[in-house]
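Single-letter residue listing:
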Amino acid sequence: MSTKYDVTDTLDVKGLSCPMPVVKTKQSVDELEAGDVLRVLATDRGSLSDIEGWAGSSDSVELLDQEEVDEGSETVYQHDIRRVD
Amino acid sequence: MSTDTPSQSTDVDVASLKARVEELEDELAGIEAATADDTKKMVMIATKGSLDMAYPPLILASTAAAFDWDVTVFHTFWGLDILHEEKSKNLKLSAVGNPSMGVPNIVAAIPGMDAMATRMMGKRIEENGTASIQELIDLSLDQGVELQACQMTADLMDYDEDAFYDGVTTGVGAAAALAEMGDAEIQLLV
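Protein sequence lines correspond, in order, to chains V and X. Here the numbering used here is used: the first residue of the first sequence is 594, the next is one more, and so on. Here the numbering used here is used: the first residue of the second sequence is 610, the next is one more, and so on.
A few of these clues could be false.
Which stretches of chain X does chain V cover? Using the computed rule of at least three CB atoms under 8 Å from a CB of chain V, they are [to be verified]:
1) 729-739
2) 776-782
Derived pair list, reagent style DSBU-like, types lysine-lysine, alpha-carbon separation capped at 35 Å [unchecked claim]:
3) V:K597 / X:K698
4) X:K657 / V:K597
5) V:K597 / X:K649
6) V:K617 / V:K607
7) X:K627 / V:K607
8) V:K617 / X:K649
9) X:K627 / V:K617
10) X:K732 / V:K597
11) V:K617 / X:K657
Treat the hints as calculated values from the structure; they're not laboratory data. Bear in mind the structure is a predicted one, so any value in this text is a computation, not a measurement. Beta carbons are placed, not taken as given, at the ideal position from N, Cα and C, and that holds for glycine.
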């Protein structure tokens with residue numbers, strides 16, 4: 594996939610389960626400036642729908658991309674989120 | 610529009626109508642200002658103090674806070690144990706009366722079985738990367754969740770105010786909870 598944006602910051606929540614991926618993502622997004630992009634790396638499969646649901650309900654973020662990355666021993670769910678305000 | 614034939618009485622009517630329109634416009638502006646804040650509000654009542662029943666309200670509260678919702682959890686009866694600094698670290702799981710755990714009650718009732726069930730669940734919680742009760746309480750408080758301890762049941766169970774986590778609101782009762790629930794879109798009893 595061609596990247597049309599630069600990732601500003603990365604949040605690693607691998608190994609953590611619900612509700613931590615969403616809660617930690619929200620805390621990290623709060624630290625960002627408008628336009629910044631946060632990449633969240635999670636191993637919780639539920640983070641796909643959780644982060645999608647959370648981002649959809651928020652006016653201050655835009656979910657740019659969600660991908661599953663096979664890292665051999667585990668699948669990493671990668672979420673790119675832009676802060677918009 | 611023609612203005613050359615206004616009668617005296619029409620002038621008066623127009624003036625009073627104008628005044629009424631202004632009055633209504635002001636009223637509407639007030640209503641719009643009051644409803645412009647579209648922050649959702651959620652109130653939960655937490656009544657249980659077993660390990661498995663402590664999780665749902667805390668998970669929902671911390672997640673709702675991440676949604677920027679205004680969240681209050683009113684703890685009463687055994688739900689107070691979740692806010693009790695010492696007791697919250699030793700919440701128990703019981704297989705008695707819990708058919709989902711697949712242990713016959715007569716076996717589950719044997720002394721030591723609760724401790725064993727709790728230990729096994731604690732291990733699973735750790736392995737699964739599930740947050741601890743303390744972590745979820747800290748997260749909730751950090752994010753501005755209002756955790757309340759019911760005064761009547763705290764007195765009934767002889768819990769000292771200082772035994773609760775810092776940041777817990779004490780001295781609240783049913784009326785305070787109802788007042789908050791009346792303002793909330795979402796109300797849950799756990």
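Check: Holds or violated: are the alpha carbons of K627 of chain X and K617 of chain V at most 35 Å from each other?
Finding: It is violated: about 54 Å lies between the C-alpha atoms, which goes past 35 Å.
Margin query: Quick check: do three or more residues in the region 776-782 of chain X have a beta carbon closer than 8 Å to a beta carbon of chain V?
Written below: violated (count 0)
Margin query: Run the distance test for K597 of chain V versus K649 of chain X: straight-line Cα separation, threshold 35 Å.
Written below: holds (34 Å)
Margin query: Would the hint linking K617 of chain V and K657 of chain X be met if the CA-CA limit is 35 Å?
Written below: holds (27 Å)
Check: Are K732 of chain X and K597 of chain V close enough, with their CA atoms no more than 35 Å apart?
Finding: violated (43 Å)
Note to self: Would the hint linking K617 of chain V and K649 of chain X be met if the CA-CA limit is 35 Å?
What the structure shows: Cα-Cα ~20 Å, so holds.
Notebook entry, point to check: Quick one, are K617 of chain V and K607 of chain V close enough, alpha carbons at most 35 Å?
Noted result: holds (11 Å)
Note to self: Against the 35 Å threshold, does the CA-CA distance of K657 of chain X and K597 of chain V hold or violate the hint?
What the structure shows: violated (49 Å)
Checklist line | Distance restraint between K597 of chain V and K698 of chain X, which requires alpha-carbon spacing of 35 Å or less | finding: Not satisfied, since the Cα-Cα distance of roughly 47 Å exceeds 35 Å.
Notebook entry, point to check: Are the Cα positions of K627 of chain X and K607 of chain V separated by 35 Å at most?
Noted result: violated (64 Å)
Checklist line | chain V over the region 729-739 of chain X, status - at least 3 residues with CB closer than 8 Å | finding: Contact hint for the region 729-739 of chain X vs chain V: holds, 3 residues under 8 Å.
The structure fails to meet hints 2, 3, 4, 7, 9, 10 from the earlier list, while all remaining hints are met.
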